[in-house]
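Please put together the full structure from these sequences, using the hints given.
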Amino acid sequence: SAVISQKPSRDICQRGTSLTIQCQVDSQVTMMFWYRQQPGQSLTLIATANQGSEATYESGFVIDKFPISRPNLTFSTLTVSNMSPEDSSIYLCSVEGQGVSGANVLTFGAGSRLTVL
Amino acid sequence: DAKTTQPTSMDCAEGRAANLPCNHSTISGNEYVYWYRQIHSQGPQYIIHGLKNNETNEMASLIITEDRKSSTLILPHATLRDTAVYYCIVRGEKHLLLVMVSSGTYKYIFGTGTRLKVLA
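Protein sequence lines correspond, in order, to chains P and A. With positions in the first sequence counted from 1, the corresponding number in this note's numbering is that position plus 15. With positions in the second sequence counted from 1, the corresponding number in this note's numbering is that position plus 17.
Rather than coming from a laboratory, the hints here were simulated on the basis of the structure. A few of these clues could be false.
Short derived list, chain P residues pointing at chain A, Cβ under 8 Å [to be verified]: (1) P54; (2) L60; (3) A118; (4) V120; (5) A125; (6) T130.
To give an idea of the chain A side of the interface with chain P (calculated C-beta under 10 Å), a few residues [said to hold, decoys possible]: (7) C29; (8) G32; (9) G46; (10) N47; (11) Q55; (12) Y63; (13) T82; (14) V102; (15) I106; (16) I126; (17) F127.
For each residue, glycine too, the CB sits at the ideal point set by N, CA and C.
Have a look at this one:
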């Protein structure tokens with residue numbers, strides 16, 4: 016299965032600033048997914064990032080707040096814009112690819128833990 | 018919204034089987050049941066999945082009822098390292114854009130999960 020590297024692993028940010036999270040995959044993948052996990056909560060899908068086209072956002076998430084880039088088949092970025100303390104979360108990048116069983120499975124990065132003061 | 022419901026938490030004695038239930042009464046005929054787990058401070062990890070037959074791998078077994086409205090993940094001999102949140106997922110609708118770009122890709126919508134604590 017794919018190996019995913021996310022940067023930064025954690026950061027502390029000031030209110031009103033923006034932060035870009037990078038996601039690097041060791042193989043070419045068509046779809047990359049960005050999730051948010053608020054403290055003590057489950058994962059919420061933010062958007063699906065398609066190479067060469069606009070990301071597809073889930074209800075409650077908008078491009079102005081969470082712009083996504085997908086310049087090639089191994090890389091994507093998620094920006095959290097104009098941050099407020101409510102944006103304090105873990106942001107996870109994931110891709111779907113073949114697992115050891117040959118079936119398509121989701122693989123996740125370790126996540127980026129953001130704290131907004 | 019997630020199409021699954023799971024108990025919030027469960028305890029299991031070390032060495033015993035952990036049986037984690039999941040209800041998915043609105044599952045469609047072509048939707049799979051997936052199980053993932055998330056150990057503290059890590060990204061979720063794939064465990065197993067199935068359509069209608071029972072499945073077993075080196076990590077766990079998955080039992081799906083005949084009507085497919087519920088399933089059970091079984092960890093046959095739970096260890097302390099199995100303490101985690103376990104998510105049961107039914108793959109979501111095929112997105113139109115995804116169909117155009119890459120057939121067979123579905124959204125994965127996570128529910129609240131079951132927090133399993135394995136006790137020494």
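We went through each hint and held it up to the structure:
1. P54: Nearest chain A Cβ about 12 Å off; hint violated.
2. L60: At 6 Å from the nearest chain A Cβ, L60/P passes the 8 Å test, so the hint holds.
3. A118: holds, 7 Å
4. V120: The hint holds - V120/P has a Cβ within 8 Å of chain A, the shortest such distance being about 4 Å.
5. A125: At 5 Å from the nearest chain A Cβ, A125/P passes the 8 Å test, so the hint holds.
6. T130: The hint is violated - T130/P has no Cβ within 8 Å of chain A, the shortest such distance being about 14 Å.
7. C29: violated, 21 Å
8. G32: violated, 26 Å
9. G46: violated, 18 Å
10. N47: At about 14 Å, which exceeds the 10 Å cut-off, the nearest Cβ of chain P leaves the hint on N47/A violated.
11. Q55: Holds, because the Cβ-Cβ distance from Q55/A to chain P comes to roughly 8 Å (cut-off 10 Å).
12. Y63: holds, 4 Å
13. T82: violated, 21 Å
14. V102: Check passed: Cβ of V102/A comes within 8 Å of chain P, closer than 10 Å.
15. I106: holds, 9 Å
16. I126: Result: holds, 6 Å to nearest chain P Cβ.
17. F127: Since chain P brings a Cβ to about 4 Å from F127/A, closer than 10 Å, the hint holds.
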